[in-house]
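Chemist: Kindly produce the complete structure, drawing on both the sequences and the hints.
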Amino acid sequence: MLRGLKWKFILYAAITLFAILLLLPTFTSELPPWFGKVIPTEKIHLGLDLQGGMHLILEVEAEKAVESYVERIKNNLRDDLKEKGIPVGKLEREKTDQIIMEASGEKEKWEKLLSEPRYSIMHELSSSTLEKGIWRLVLVLDSKQADQIKKNAIDQALETIRNRIDQFGVSEPEITLQGTDRILIQLPGIKDPQRAINLIGQTALLEFKLLDEEGNLEEALKGTIPEGDIVLYQRSVDPKTGGVKKIPYLLKEKTLMTGEVLKDARVALDSQFHEPYVAMEFDDIGAKLFEQITGANVKKRLAIILDNNVYSAPVIQERIAGGRAQITGRFDTKEASDLSIVLRAGALPAPVKIIEQRTVGPSLGQDSIHKGIISTTISAVLVVLFMIFYYRFSGVIADIALVLNIIMTLATLALFRATLTLPGIAGLVLSIGMAVDANILIHERIKEELRWGKTIRAAIDQGYHRAFSAIIDSNLTTLIAGVILYQFGTGPVKGFAVTLSIGILANLFTAIYITRWVFDFVTLKVGVKRLSI
Amino acid sequence: MELIRPDTHFDFIGKKKITLWISTAAILLSFASILYHGGLRYGVDFAGGLLIQIKFSKPVSISEVRNALEMTGSKEAMVQAFGGENEFLIRVEKSSADLDSMSKSIQTSLQQQFKDKTLEIRRAEVVGPKVGKDLKTKALWAVGLSFLGILIYVAFRFHQFSYGLGGIVALFHDVTVVYGAISIANVEYSLNILAVVLTIIGFSINDTIVIFDRVRENIKKIRKENLETVMNVSINETLGRTILTSGTVMMVVLILFFFGGEVIHDFTFALIVGLVTGTYSTVYIASPVVLFWEQHISSRKRVRR
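If you read the sequences in order, they're chains R and L. Position 279 of the first sequence, counted from 1, bears residue number 279 in this note's numbering, the numbering being contiguous throughout. Position 10 of the second sequence, counted from 1, bears residue number 543 in this note's numbering, the numbering being contiguous throughout.
No lab work stands behind these hints, which were simulated from the structure alone. Please note: incorrect hints may appear among the correct ones.
Claimed, not checked - Using C-beta positions, here's what the derived DEER-type ranges look like:
no. : chain 1 : residue 1 : chain 2 : residue 2 : range
1   : R       : Ser68     : L       : Gly571    : 40 to 46 Å
2   : R       : Leu385    : L       : Asn759    : 41 to 47 Å
3   : R       : Glu159    : L       : Ile776    : 20 to 26 Å
4   : L       : Gly606    : R       : Lys95     : 34 to 40 Å
5   : L       : Asp631    : R       : Pro33     : 30 to 36 Å
6   : R       : Ser171    : L       : Leu787    : 36 to 42 Å
7   : R       : Glu174    : L       : Phe615    : 45 to 51 Å
8   : R       : Arg457    : L       : Gln828    : 26 to 32 Å
9   : L       : Gly606    : R       : Asp192    : 23 to 29 Å
10  : R       : Leu385    : L       : Gly606    : 52 to 58 Å
All C-beta atoms, glycine included, are put in the ideal place defined by N, C-alpha and C.
Modeler: See the structure below:
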C-alpha cells in the first residue's frame, strides 16, 4: 500500500506540474526559449466578449452567381445572333436561370447556333410559336452546372474574404464555412469594425463598359431603354456641402472587361493636386484586351464601374498598350487604400449578406474580465474557508483538490485552445461550487461510517466506495447537459458548456483520486489516529 | 462540525399535500404569466433585431436618450438602463429590413447628438431573422434531447421506471418554473438563459439521483418498513449533504449575481431560481411521484395477479 502511495504521488505531482507549466504562458511572457520546445505554449484563448472584437456571419447569395453566369451567356448569345443576322425581338433573362428569346426567320439558323458547344449547357425548356413566323424559346441552365456554380461561388467567396482580411491586418482572425452557404468570421481586437465590414461585404465587381453615345439618355431615364443598354449612376459627393448627387449614364450593357484581369492595384498620389487615386496594372491577357478595347474605341468614353456604380467615364484618347489604368474620384487615402485591397483580393463571385453581427468594445471586454476574476476569486476564497470551517483538516484536503481542479481546468483550456468567455468564467465558478459536492458526499459518508463505529481506515474505504456511484451519476448527468449545450450553443454560451464540462471532469479526478491519496497518506504514513472531519 | 444533527427525523414526505399545492400553484402561475405576456420575451438571439449598449462619460437621463432616438426616426427602439451609471441598452426588435444599416445610423446619430458627453459604444449586436429562427429550433432540440438523455440514463442506472418518471416530472416542474420566473420578472429569453435551463436540468437530476441512490440502498437494508418511511429516512440521511451542496452552489451563484456584472445578470438570476426549484423538486416532486407510482399503480398490478 505504501509503495502504491509513492508511485501515485509521483504521477499526481507530474500531472499537476504539467498543468502549471501549461498555464505559465497565460500569465507571463518572459519564458526561456527552450520552453516552447518542451511544453505547448498557448495562452488561454479569450472569447470576443472578453477580448473585444467582431463576430460576423455572412450568407453567400450563390443564386446571384448563377444569375450573372446566365447573363453573360445571354449577352454572348445576343452578339452571336447579330453576327449571324438572325432577327431577334426579345432576349431577356428570367428567374435565376432562364433565358427567353423571341426570334423570327429560319428556325434552322438559330437551332444550329444553339446546338454549338458553348450553348450546350442551356437546355430548351419550351418552344412555341407566337404570331406568324415568330418563335418563343425558353432556355434553362443545366441544373448540375448551376449547382457547381453555386458551390464554386461559395468556395471562392471564402477564399476572397480570407485574402481581404489578410491584407487588412487583423491578428488571429477566424474565417470558417458554416453549413452550406454561411461564412463565420471572427476578428478579435479590431479597432474599426465598420471599416472591416465595408471591406468584407463589398462585392467589388469591377467592370468596364462603353458609353452609348448615340442613345438618348433622357428617353432612357423616362423608361424606354434601348435594347442592349443599361443605365447606371455615378455617386458624386460635394465635399463642401456633403450633398450627394446621382449622375446617370447610358451604357452598353455588355461588359468588355472585368477586374479578373487585374494583376495589381495600388494607391498613388496625383502629382498635381496630391490627391490619392488607384493605379491598376493588368496581367498579360488583360493588357492585350485593354489594348484592343481602347484601340477600337478611340474618342469614345469608357466607364469604369464598381458594383454597378460608375466611378468615372474618361474619354479614350488613344490606344493604350502596357496594361495600366487609373481610377480617380474624390477619394481620401483610406478609401483608396481599401479599394485597392478589394481589387487586389478580387471580386466576390456573389454578393454576401450580413445575417449576424456582434461587436464588443475593448472596454467592455476588460470590464468583463475584471468582474470575472473578482467573482472567481471571491467564490474560491469563500468555498475554501467554508470547507476548512466545516470539515477542519478534511476540509483542507478538499481545498487542495479544489485548487488543483481550477488549475487543471484552466490548463486543459490552454492545451486544447478552447475559448474562455464570460459565461465560461461563470461555468468555472459554478463548477467550483459543484466540485465541493463530491467532497461533501464523501466526507458525510465517512462521518456516518465513523458514527456507526467503523475504524478510520474502514470508514474512509466505505466512504469513498459508497459515495462513488452517487458522484459518478450526478456529475455525469450535468456532463450530458453540458455536451448537448456545446452542440447547440454558439459563441459565449459554447464557452460556458466547455468550462463546465471540463470542470466536471477535472473535479471527478481531483475529488476521487487526489483526496483519496491525501487521506491514505495521512492515515497510513503519518499514522493519524483520529480523523479531523 | 455538524450543521444537521445526525438523527433528524423530519417528516418530509408527510408534508406532500401542502407542497403539492405549492408546486401546482407555481406551475400554474408560470403558465399564466407566459400566456399573459403572449409568450416569452425573446431576446435578439431568437427574435432577430439589434442591440446597442452605450455608455456616457457624463450623466444622461433615459428620457434624453429616448428623445434622441426618436429624432433618428427609430420609433420602435426601446431603451432601458443597464448596469452602471449612464449606461443604457437600446433594443429594436425587427425581423426584417436592413438591420445593419439601422444599427449604424442609430450609432452615428447618437454620436452626433451627444458629442459633448463622449458616447462609447460598448457592444453592438445585429441578428437577422433567419438566424433567430434557426436558434429557436435548436433550443427546442437541445432541451428535448437533454430530457431524453437523462431519462435514458436514469432508467439505465436504476432499472426502475418510477425513478425515471419521478426525475422527469421534477425536471419538467423545474424548467416550467424557471421559464415562469423569467416571464414574471420580464427577463429576456436569450441564449444565456437556454444555457441556464440546460444546466439546471443537469443539476436537478444530480440532486435527485443522490437521494434515489440512498433510497435504493436503504430499501435493501430496511426491508420491513414501507416505502414512505424509507424515503423519509433517506432524505433525512442525506439532508446534511443536500443543504451543504445547495448552499455552496447558491453561495457562488449569488457572488456571480452581485459581482459578475450586468452582461451575465439575467443568466445568474435564472440560475438562482433554478437552484432553488432544483433542490425543492427532488424532495417534493420526484420522491412523491415515485411513492405514488409504487403505492397505487404498481400495487394495483400486484393485486391483479
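Chemist: If a hint holds in the structure, say so; if it doesn't, say that too.
Modeler: Hint-by-hint comparison with the structure:
1. The given range of 40 to 46 Å is respected by Ser68/R and Gly571/L, whose C-beta atoms sit roughly 44 Å from each other.
2. Separated by about 43 Å at the C-beta atoms, Leu385/R and Asn759/L satisfy the suggested range of 41 to 47 Å.
3. The supplied range of 20 to 26 Å is broken by Glu159/R and Ile776/L, whose beta-carbon atoms lie about 59 Å from each other.
4. The supplied range of 34 to 40 Å is met by Gly606/L and Lys95/R, whose beta-carbon atoms lie about 36 Å from each other.
5. The supplied range of 30 to 36 Å is broken by Asp631/L and Pro33/R, whose beta-carbon atoms lie about 52 Å from each other.
6. At about 38 Å, the beta-carbon gap between Ser171/R and Leu787/L stays in the expected band of 36 to 42 Å.
7. For Glu174/R and Phe615/L, the Cβ-Cβ distance of about 29 Å falls outside the hinted range of 45 to 51 Å, so the restraint is violated.
8. With their beta carbons about 41 Å apart, Arg457/R and Gln828/L fall outside the hinted range of 26 to 32 Å.
9. Taken as a hint, the range 23 to 29 Å holds for the pair Gly606/L and Asp192/R, whose Cβ atoms sit roughly 26 Å apart.
10. A C-beta distance of roughly 56 Å is found between Leu385/R and Gly606/L, which places it inside the suggested range of 52 to 58 Å.
Violated hints, in rising order: 3, 5, 7 and 8; the structure is consistent with all others.
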